[in-house]
Every structure is written in C-alpha cells, then in structure tokens.
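Here the structure of chain A is known, so what remains is to put chain B in place on it, guided by the hints.
Here is what each chain is made of, one letter per residue.
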Amino acid sequence: MPLYLYILRRILLSVPLLIGITLVAFIIANLVPSDPMTANLSQRAMSDPTIVAAFRAEWGLDQTLPVQYLTYLKNLLSGNLGKSIRSRRPVIDDLRQYLPATIELATAATIFGVGAGLLFGLFSAIARNTVFDILARAISLIGISAPVFWLALLSLLVFYVQLRLFPGPGRLDSGIQAPSSVTGFYTVDSLIAGNWLAFRNAVGHLILPSVVLGSYSMGLVTRITRASMLESLSADYVRTAKSKGLRQRIIVYRHAFRNALIPVLTVIGLSYGVLLSGAVLTETIFAWPGIGRYAYRASTTLDFPAIMGVSLVIALIFTIVNLTVDVLYYLADPRLRAR
Amino acid sequence: MSSTISLTRASAPADLHFRARLGGAVRWLRSHPTILIGSAVIAFWIIGTLLVPLSGRDPLGQDINHSLNPPDASFFWGADKLGRDIFIRVLYGARLTLPAGAVAVIGSVVIGTLVGGVAGYAGGLWEELLMRLTDVFLAFPTIILAMAIAAALGPSINNAILTIAVISWPSYARLTRGLVLQLKTTEFVQADRAIGARHRRILFRSILPNCVGSLVVMATLDFGNAVLIFAGLSFLGLGPAPETPEWGRMIADGVDYADQWWVSIFPGLAIFSVVMALNFVGDGLRDLFDPREARR
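Same order as they appear, the protein sequences are chains A and B. Going by the working numbering, the letters in the first sequence line up with residues 1 to 339, in that order. Going by the working numbering, the letters in the second sequence line up with residues 1 to 296, in that order.
Excised from the complex, chain A in its bound form (with noise of 0.2 Å):
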C-alpha cells in the first residue's frame, strides 16, 4: 500500500474516534442538572426574552439531548465550541489564547525526553552492567515512579529557590515584555523579533518545566530502548556482521540501533499521552499560562463547554501524534510496506 493511502485510510479511521470522544464529552457535560442558561448568560441577558430564545435556538436547548448532541455537532464543525462560562469568552479564543504555551512546553518536554532516554537507554545496553548502566536505570525509574506534580515541586525548591540556576514560575521574568505574537511560542516568536533577552529568559523558564514535564517519557523510552538494543545485539544479523568482521560502531549504530528504534517508536506515542496529562500538573505548579491549567481552573468551576473544549482539543492533538507515528512505523519497518 503506498504512503499517501496508508495516511488517508488512518485519517479516515479516526474521524469516528473523534466523533466517539465528542459524543462522551457530552455525556459527561450533561452527568451534571446545571442549566446551561444561567451559566452562560448574564442576569441582563435572562431578562431580555429574545436574547433567551436566541441562546435556546443557537444550542437546540428546547430540543431532547440526541438533537441538542446533533446541534452541539453542528457547531462545532464551525468552530463554535461555545462560550466559557469562567471567562465569559468564546472556548475556541481562549484554547487559541491557551494552547501554544502547552504545545512549546509539551515539545521541548518530549524532545528532551526522547532524546535524553534514547542516549541512556542505548549506552546503558552497550555498557551493561557498569555504573552508568546502573545509574541510567535508576534515573529511568525515578522518572517513571515519582509523582510528577511532585518532582516539579522539588525542582523549583532546589534549582530556582535554594541554588537560583533557572528562573522561577511563569513564560518570562515580569521585566520582560513578551515578543509580538506571531506563532505563540515566545521561544520561536522572540527569535523572529530578534529580541535575544526575552529569547535567553524564555528558554531559561522552559528549561525546568520541559525537564519534570519529560521525565516520564525519559524513563520509559529509556527502560524500552535498553530492552529493545540488548535483544536486537543478540540478534543473529549482529552476529553475521560480527563474523563479517565490521567494525563495533557500524554493528551497533548501523545494525542493532536501527532495529532497536521499532518498539520505541510505539512508547514514544503512548508516552506523549502521559505527558498531556502531566502537564495539567505540571503547569498548574509553574503557573504556565497552557490549557491544563486553564484545564484545571475550568473544572474546579464546573465549566463544562470550556472541559469540552480541551478535552477535544488534546484527544485531537493525541490522534495527530499517534497518526504521525504510525507513519513512522510504516516508514521505518519494510514488512509493514508490503502487507
């Protein structure tokens, strides 16, 4: 099967999904006798009738649940997710307002994760049973095993309390003018302004959270790739190449590692799940202006269409990023091609 239909066939398969998540989103919102009116107009707006009949045609209010589903539906599909009930704003504005901080942490987060587990998780196989294979497994369970809501507590109290290295909590010290936004991401936006300041501190005040944030996916494609190289450099085409005569770095790299990266593919996936969890916690501790804390502070008020709106939002972003993977899958494993 060629690559485009592969992509096309999978972006099929999960518009049903989303539609599914929808559907449960709703039935949470809907678990709960609050009227949607009173929470969502104010006491003004309750008294004009015709703002009230307005509000009860836009969202099908006078309808049964299945056509107010079909109207919440309907809306969606033009983007109107309706309107936080904390914020008094439209849910998509505030997601719009809210995701690239999450989605520039959640980034660098996986990029050290990825990165950091992939280097332990290969020396530690190559040098098995020494100290560094020791201490990279003992750090990969850290990672895996401690709370990260708690790690992030510990790591503003040592590195940003105690020793001052990194900046405290927020994007950018308060001095700091944050750069004209262009993509969102102060790190990418201050580089197009040129603005060196605002680019060194927003990096600084990434670098912590982004570290606590990945240190799960650390663990794990740390504990997977160290699994995955010792199986593959037992592998009969190790030892061929070894017989061939080819130097280590070749039989390692060119041979070993390159199979060994099938199975991580899969944790890296599932572990950029874990992480959008986590970074509920996580930027709920560094006061990182994201969609889990706006997440949080939106279910600590019962605002339901704002839930809603995350809820899709992040089932969205974690479709696109198992898609993505799969992808990889397909294009790193020649078997998969031929079926």
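These are computed hints drawn from the structure, not numbers from a lab. Positions of the beta carbon are idealized from the N, C-alpha and C atoms, including for glycine. It is possible that some hints are incorrect.
[As the list claims (entries may be wrong)] Just some of the chain A residues that point at chain B, by a computed CB distance under 7 Å:
#1 I21
#2 V24
#3 P90
#4 L302
#5 S311
#6 L312
[To be verified] Computed beta-carbon distance windows for the label pairs:
#7 V327(A) to G178(B): 40 to 46 Å
#8 G184(A) to R132(B): 30 to 36 Å
#9 F204(B) to P2(A): 22 to 28 Å
#10 R10(A) to V212(B): 31 to 37 Å
#11 R201(B) to L135(A): 52 to 58 Å
#12 F289(B) to Y4(A): 40 to 46 Å
#13 T240(A) to F289(B): 31 to 37 Å
#14 L54(B) to S234(A): 30 to 36 Å
[Claimed, not checked] Every beta carbon over 10 Å from chain B, so not counted as near; a handful from chain A, in silico:
#15 P2
#16 S78
#17 S87
#18 I103
#19 V211
#20 D236
#21 K242
This is chain B only, laid out in the frame that chain A set:
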C-alpha cells in the same frame, strides 16, 4: 514407558518434592532481587498502616506550638503548618491510598475483562462496537477526563476511585480481547463446545481463568498508575477533603513553604516508594508468567 516415569515421580517422598520446589523458588527470587525489594517496601507500608493506630497519635491532631516543626526526635518527619505529625499522617495516608488504588484497579479489571472478553468471544458487530468504544476512552486524555468526571460528581474519595476505574479499563479490554481471540481456538474450548457447554460457561469458566496471569501482571503495573492518578487528583483538590491525611493532598500543603522542605518531601517519597515497588513486583511477575519478555 511414560506411565512408569510419572509413577516414580508421584511416589517420591512429599518432603523431597516440596524441598525441590522451594529450592527452585529461592533460586528464582535470587535472580530477581527487585521483586524482593518491591515486596518488602509494600510489606513495610501495610505493616505501618496496621501498627500506626498503636502510636496513639492523631493524624488530624493540631498542635500550633509546633507549627512547621523541623524533623527531630519528637517529630520524626517534622510537622506541617498546623503542627500535625507528618510521619503519622504519611502512615495513615497509606491506609487510604493502598485500598483506594486496589479498588480502582479491581474495578477497571472487571469492566475491562467483561468488555474485552465479550468483544473477543462474540466477535462481529459486538466486537466492533465495544472495541471502538475502548478506543474512544483510550484517546481521551486521562487526567482531563478524570478532572471532568471528578468535578461533575463532586470531589470525594469514592468519586476519585470511580473516576480512576472509568479511565483505566480500556487497556484491560484490549489485553483480554487479544487473549480471548487466542484461546478461542484451543482444543479445550472446542471440547467444551462439543459437550454442549453454554457460551457463558465457556467464557467465564474456560477462557477467562486462563487470562488471569497476564491480567495480574498488568494490574500490578497499573496499580502504580492508579496511585499516581489518585495522588494527582487529590493534589488538585479533586479528591478527599482538605484535612484528610492523603499523600497528594499533603504535598499540596507544602506548596507554600519553600524553606520547610519536609512538608512535601516525605509524602512524595511515600508515593514514589509505593509506585516503584509495584513496578518491581509487576516486572518480576511478568518474567514469571512470560519468560519470553524476561529481558525487558
């Protein structure tokens, strides 16, 4: 020939037999030291929670004179803002976290096994429907789904447990379905069919008992996740009431005290030790049930 061999085996002294098996077990444990460490850590917490009422200290008892008392002889792990003994509170915390995690995991195993078992056994439209539902729950971001459910139902221990069960069952459903598909074609299931056993009997008496090993491994590893989510929900205020001695909650108590590190470090260490121990035991059990995966 083979019958004589089995006869001599059966007639070996029971004591010798037992000793040989014990020797095997000891050897196996010696090659898996982590499973011993893990079991020891979990045993420590279980014994600790059982013994802590004997100390006579109240986990809720306030003592303002010792507010934020650093760790010393009278406050082993220090005291929090209200002068409550953190060591005692952490031990009482295990009393909450371990059963909560266990109930949540059992709940998700039951839901997941039923969904996956029926899907794998029935096949066809049922399988399609149930597995697509599983996919939807898998694609949902765990903590956001958890926050939404916990917020909708109201913060409490029971709702947190329910929430964790609702978000963790899909992986069991996938595992069970895979196993059932394999077992469906085995001879003993065909034999069941041949003697006219009913579907329910085949599924629950013949097929599912054979899935227990893999499910136990997954449940042990997942227990750690349940503990982490439970602590995370409480940390966010979506778990038990504020004064409850719960680990995540206690870490949240320490957020405002940068210089009083002991307030949040010990509850965090407790979570870390439990999750690590469960990972150790789970990995060991996986080696036991599936030697093929031994090196992972």
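Handout entry: Structure-inconsistent hints, enumerated in ascending order
Key = As far as the earlier hints go, 3, 6, 7, 9, 14 are violated by this structure, in ascending order.
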